[in-house]
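Produce the entire structure from the sequences given, and follow the hints as far as they go.
Here is how the chains run, residue by residue.
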Amino acid sequence: MSLFMTLCGAHIRLAWRGGQTVLAVSFLFIAVTLLPFGLGPELKLLRALAPGLLWVVLAISLLTTLDKLFQADFEDGTLDRLRLLPLAFEAALLAKLCGHFLALVLPLILSVPLAGLLLNIDGARLPLLLAAMVCGAPALVMLGGIGAGLAVSVRRGGLLTVLIAMPFYVPVLIFGAAASQAALATGTALWPYLGILAALSAATILLAPFAIAAALRVAQD
Amino acid sequence: MAESVTFDSDTDFAGDAFLRAEALACQCGGRVDVENLSFNLSAGHALRLAGANGSGKSSLLRQLAGLLPLAAGSLAHPFTPSRHIHYLGHDDGLKAAFSVGETLAFEAALAKTDMAVSLLAELGLAGCAWQFVGDLSAGQKRRLTLARLLLDQRPLWLLDEPLTALDARGRTLVEDLATAHLAGGGMIIAASHEALAFATQELRLGAGA
Amino acid sequence: MLKALENISAHYANPTRFMALAAKWHAPLWGLAALCLAYGLYRVAYVPDDYQQGATVKIMFVHVPAAWMALFGYSFIFFASVAALVFRHPLGHVAARAAAPVGAVFTLIALVTGSLWGQPMWGTWWVWDARLTSVLVLFFIYLGYIALWQAIDEPTRAARAASLLAIVGFINVPIVKFSVDWWNTLHQPASVSRLARPALHADFLYPLLIMGLGFLLLFLALTLTRMQMEILRQKLRRRS
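Protein chains in written order, with numbering that gives the first Met the number 0: chain F, 0 to 220; chain E, 0 to 208; chain G, 0 to 239.
Certain hints may be false.
Stated by the list, open to error - Computed list of lysine-lysine pairs in DSS-like fashion (alpha-carbon distance at most 30 Å, straight line):
1) G:K23 x G:K176
2) G:K57 x G:K23
3) G:K176 x G:K57
4) E:K140 x F:K67
5) F:K67 x E:K111
6) E:K140 x E:K111
The set of hints was computed from the structure by calculation and includes no laboratory data.
Put into structure tokens, the structure is as follows:
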């Protein structure tokens with residue numbers, strides 16, 4: 000357990016020092032800022048679209064952070080280190096992904112209210128949107144991790160990671176946006192949607208590390 | 000000033016440690032390079048893998064470490080790679096964004112021990128605690144990678160070109176560490192194109208094998 | 000039955016034997032495919048016009064079998080990848096790699112014909128109909144798979160990574176289908192824009208099945224040819 004925390008903390012520190020957190024949050028705001036230029040500044044329209052737009056921008060921002068996930072470790076020999084720890088390789092990877100979530104995804108989610116402000120989002124719906132994101136974002140991280148693991152040996156494989164991960168994101172986005180819309184429509188229970196998102200996240204947290212470990216072993220063969 | 004090394008009582012292999020390899024092969028990118036390598040190693044002995052660069056020494060070490068599946072042959076030893084083997088490869092495994100002190104603290108945490116204050120001095124990095132790894136010289140970085148050997152006592156060391164980029168002081172450090180390790184009943188397999196003072200056996204790979 | 004299959008696949012795991020078999024089957028397979036498709040198109044030409052959609056309903060006879068082949072193609076890749084990674088069958092990677100572009104092209108055909116079919120009805124070239132959307136996502140799955148093969152330089156590593164992706168991605172396909180179907184019911188489009196298939200009575204069913212069979216034979220013929228090409232290419236590479 001302490002090894003898990005050590006690895007998690009190390010990844011958080013590295014992500015923070017590498018400026019990745021600032022980059023990711025900046026990307027989120029840039030993307031949100033571009034939207035009214037494309038859609039027009041009409042506040043009513045933006046308010047109606049805001050939850051869905053924020054989900055998509057969150058997913059895309061997450062995708063941009065993925066290529067730094069395993070590539071550095073792959074290139075400098077840290078991956079060998081992780082395989083030769085008393086901790087199972089899958090658990091070590093899960094520790095890294097937890098660190099990734101805490102260092103990068105949580106700040107993104109915490110930026111959503113401010114970004115939503117730019118899109119004139121309805122303040123009453125914000126907590127529910129955030130709850131849906133917190134339930135669904137772990138799934139996005141895990142699935143993105145699978146893409147990152149498969150593309151790790153490819154130089155400049157960022158776009159490849161995005162292409163691989165994108166079909167996996169579709170179900171999560173569908174349920175996540177549905178949860179946000181349910182937050183909009185009064186009288187629709189939110190819990191089933193949060194439940195589905197949480198179930199997706201739980202399933203990916205359990206299963207994705209095995210797929211990622213297999214992908215990294217293939218890359219090192 | 001490396002002390003003699005003793006192992007945890009529950010992983011005490013002194014005297015029982017052994018490694019038997021039969022008919023191993025090296026492979027590089029799906030191609031099998033050198034075949035039918037066999038050797039026996041017992042506690043307190045060190046094997047040097049000699050051969051030109053590209054003769055597959057690294058892949059052999061990685062197979063011994065369990066990082067690559069065995070290309071051929073069989074391996075018999077009582078070790079669990081994740082607990083009993085140290086593998087020091089080409090790459091440092093160091094993070095440039097960490098300071099030396101943080102790296103040592105990280106290594107100590109991975110080894111589940113406390114970091115001894117004397118560790119910096121032993122590695123010849125006294126006074127460098129606040130320097131970032133990215134600012135160290137190549138020799139200093141290689142010395143830093145040796146930290147895990149001091150912090151975590153594991154019976155089998157697999158070293159890939161341990162003397163590269165090291166100055167005379169670094170080489171002495173490696174030889175001292177190795178000698179102390181062997182004296183305590185450990186085993187070392189090192190790939191090196193230079194002669195190693197502590198090696199008791201030698202295996203030639205590549206042309207002339 | 001299973002044992003017989005095992006023996007057959009083990010027998011043809013040897014590339015030389017497989018090439019001999021492929022050479023024997025090559026011409027007949029293409030011939031059958033051509034015949035089947037010709038007959039299917041002939042039958043389709045005589046299908047009566049749908050009372051609602053007119054003659055454009057005949058695009059369905061290309062769209063639906065193409066969509067079937069899109070899904071079949073990915074299942075083929077999945078089973079070939081399992082054979083390659085889990086059972087270490089030597090031809091598994093070859094088969095998967097050969098089938099990928101074929102499946103991708105069928106997916107593209109399904110998308111284009113779907114768009115063409117719907118245009119007279121909807122007035123637009125695309126709607127986010129449940130099936131079309133699922134097929135679009137499937138197209139991206141194919142693209143990602145092919146891109147992974149291309150991106151990794153070393154052939155064995157590329158093969159293994161791609162097979163891993165195929166296996167993991169296969170679990171995703173039903174999840175995507177389910178979630179896209181559900182998503183479509185959530186957002187009921189204002190007008191009726193579903194690609195409604197006319198009632199499948201005999202006049203429509205038999206030509207459809209014949210076209211389906213023709214497409215299947217075409218898929219197999221293309222994949223077999225590509226497998227032969229790939230094995231020959233590997234032989235050349237080894238010799239140089």
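(message) I'd like to know which numbered hints this structure contradicts. Please list them from smallest to largest.
(response) Checked against the structure, the hints that fail are numbers 1 and 2, while the rest are satisfied.
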